[in-house]
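Trainee: Sequence lines, in order, name chains A and B. Heads up: the first sequence is residues 982 to 1224, going by this note's numbering. Heads up: the second sequence is residues 110 to 446, going by this note's numbering.
Treat the hints with care, since some could be wrong.
Pairs of lysine to aspartate or glutamate residues, derived as DMTMM-like cross-links and limited to a Cα-Cα distance of at most 25 Å, are as follows [to be verified]:
no.: 1; chain 1: B; residue 1: Lys442; chain 2: A; residue 2: Asp1119
no.: 2; chain 1: A; residue 1: Lys1091; chain 2: B; residue 2: Glu349
no.: 3; chain 1: A; residue 1: Lys1107; chain 2: A; residue 2: Asp1138
no.: 4; chain 1: A; residue 1: Lys1076; chain 2: B; residue 2: Glu349
no.: 5; chain 1: A; residue 1: Lys1140; chain 2: A; residue 2: Asp1045
no.: 6; chain 1: A; residue 1: Lys1107; chain 2: A; residue 2: Asp1161
no.: 7; chain 1: A; residue 1: Lys1100; chain 2: B; residue 2: Glu349
no.: 8; chain 1: B; residue 1: Lys442; chain 2: A; residue 2: Glu1115
no.: 9; chain 1: A; residue 1: Lys999; chain 2: B; residue 2: Glu349
no.: 10; chain 1: A; residue 1: Lys1076; chain 2: B; residue 2: Glu440
no.: 11; chain 1: B; residue 1: Lys272; chain 2: A; residue 2: Glu1035
no.: 12; chain 1: A; residue 1: Lys1094; chain 2: A; residue 2: Glu1106
no.: 13; chain 1: B; residue 1: Lys195; chain 2: B; residue 2: Glu179
no.: 14; chain 1: A; residue 1: Lys1140; chain 2: B; residue 2: Glu349
no.: 15; chain 1: A; residue 1: Lys1053; chain 2: B; residue 2: Glu349
Because the hints were derived from the structure by calculation, they are not lab data. All values reported here derive from a predicted model rather than from experimental measurement.
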Amino acid sequence: MIDVRNIYKTFTQPHEVKALVDVSTKIEPGEVIVVCGPSGSGKSTYLRCLNRLETADSGQIIIDGIDVLDPKTNINQLRAEVGMVFQSFNLFPHKTVFNNIMLAQQVVRKRSKQKAQDKTMELLEKVGITDKSEVFPDNLSGGQQQRVAIARALAMDPKVMLFDEPTSALDPEMIGEVLDVMKTLAREGMTMVVVSHEMGFAREVADRVIFMDKGAVVEVGTPEHFFTHPTHERTKLFLSQIF
Amino acid sequence: MLKKSKNRRQFNRPTAYYIWVGVFFLFLSILIGSFYYASQKIEYIWRWNRLPIYFVYKDDIEITSEIDGEVEAIVVKEKEATITIKGMGGSESYQVPAGSIGVEESDLIMPGDTLAVYQKWKPGLLIIGLWFTLKLSVIATIFGIIIGTIGGLSRVSSNPALKWFTIAYIELIRGSPLMVQILIWYFVLGTLINDLLATYGFGRLSAFWYGVASLSCFAGAYVTEIVRAGIQSIHRTQTEAARSLGMSYSQAMLHIILPQAMRRILPPLAGQFISLIKDSSLLGIIAIRELTKAAREAVTASLQPFEIYLAAAALYLVLTFTLSMYVQRLERKMAIV
Ligand SMILES: Nc1ncnc2c1ncn2[C@@H]1O[C@H](COP(=O)(O)OP(=O)(O)O)[C@@H](O)[C@H]1O
Ligand SMILES: [Mg+2]
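Kindly produce the complete structure, drawing on both the sequences and the hints.
Mentor: Shown next, in the form of structure tokens:
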């Protein structure tokens, strides 16, 4: 589903940072991948390269048979197939919850109003926010906002969902409600790449865990392997720090 | 109301608050009083009663005959009357209000003879000027918004041609006085454009339109900067969220960035257009009879500069105050959404 081969990304501004160094990953359809690693290790950059919010300097990224880095690729079409959920939700503050989910369906997917409304209702039910549909995002709790953001991404019927630390900006008591939605998605067979330090979530639904450090993939393995006998020193050190 | 009571609560004793309110009005009266006193000193004679005719006045309208002949018929129909003159070459008829007729049937008429005299309300100089100022400002505001929106979008675009062209435009406009720009629009560009138009058989553009052009381009440069700042004040993450859903750059602009930027653009935009109303006073230099020019003409005619200039200032105040009230209401409405 997602085939990443030897990508590099270097930021030159404000000073040179090698954010990704020779990263390769292969993700099968329906797989749930959790990416972890210390802050600044390039997790977000990796994720953002997948839908070309950042353009990798070299290497190859193939998603569902489409060459992401090919300049001829219709990037908007690709992004509609790849949903993304951000750490800070990034809902549209000038639109109600309902219209946050409606907009791209009509503008990008060109769905009729009726179809988009049906889809929106269905998703609001799925993430459990039916009673707040006419509310503006600023009046929701963080957990509710993140669930709306997930619904907004799902409205495009993506083939892949990318999550960049979806629960790190949340108060502890709201983390569970967001993870529950994500677990449901995982069980339904969605292909997911989740940057997260929620090890409980990783243990429960991840097929594989990727550990990154200094822009490189250090270790890949099943959660089982990862939590019981990690091989690399850096992985061990990291795991000891977060528990 | 709310603000007032909040201010009042800052004072321990309410009497202290009202004493300061009293001080304000006292100062105001002293100012006006000394102004009046000074004008008495130079023996200026205030004639406020002469002012109204510069707003509206009754004008005598004379209907005169253009041919010689004989009054053939006077037909009165309710309030309108038709006078028909029969001459050698044929007959002519004139429409006049009934009751204003000064001739009778079978009177002999020479060309230029008065057939009827009546009075009609006409706008005075100040009202004519006000109307021009309003017209200029409204049209220039509309063009200013169009130029500013296109300019703002070009300014934040990554296309160097658009971006640099906009930067050059802004620097050019902001770096020279509006007065000079008006003169260039009328005497340089105006001459060229009217010459070209004449070559291709079109009519000339009047000074009014060169006035509109100079104001629009001037305001457009400032609005461009306002729009740019508004767009850039919306966080990059909003664009990313929109783009990550598959929206194109222009869709993200249209649906996500501009609507949010609008709220931040509105207050400085209002300030800009209040400036524009005031700046239009410079257009008298290219013989557009806007409010300031009209006021100067009225002063020449009446020799009452104090009353007329004060009245002109008050009329500008009415325009700018109405605009700022309207924008405040709009802002409140947008804040709710
Ligand atoms: N847009 C950017 N411009 C410059 N440097 C960046 C940018 N984005 C990320 N970086 C740098 O790249 C490195 C990796 O960042 P990131 O991928 O955000 O790490 P993580 O998500 O693992 O914390 C960091 O050193 C960060 O400062
Ligand atoms: Mg990150």
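Trainee: Compare the structure with each hint and give your call.
Mentor: Hint check:
no., hint, result
1, B:Lys442 / A:Asp1119, "18 Å, holds"
2, A:Lys1091 / B:Glu349, "20 Å, holds"
3, A:Lys1107 / A:Asp1138, "14 Å, holds"
4, A:Lys1076 / B:Glu349, "16 Å, holds"
5, A:Lys1140 / A:Asp1045, "8 Å, holds"
6, A:Lys1107 / A:Asp1161, "11 Å, holds"
7, A:Lys1100 / B:Glu349, "23 Å, holds"
8, B:Lys442 / A:Glu1115, "18 Å, holds"
9, A:Lys999 / B:Glu349, "22 Å, holds"
10, A:Lys1076 / B:Glu440, "17 Å, holds"
11, B:Lys272 / A:Glu1035, "23 Å, holds"
12, A:Lys1094 / A:Glu1106, "18 Å, holds"
13, B:Lys195 / B:Glu179, "5 Å, holds"
14, A:Lys1140 / B:Glu349, "19 Å, holds"
15, A:Lys1053 / B:Glu349, "21 Å, holds"
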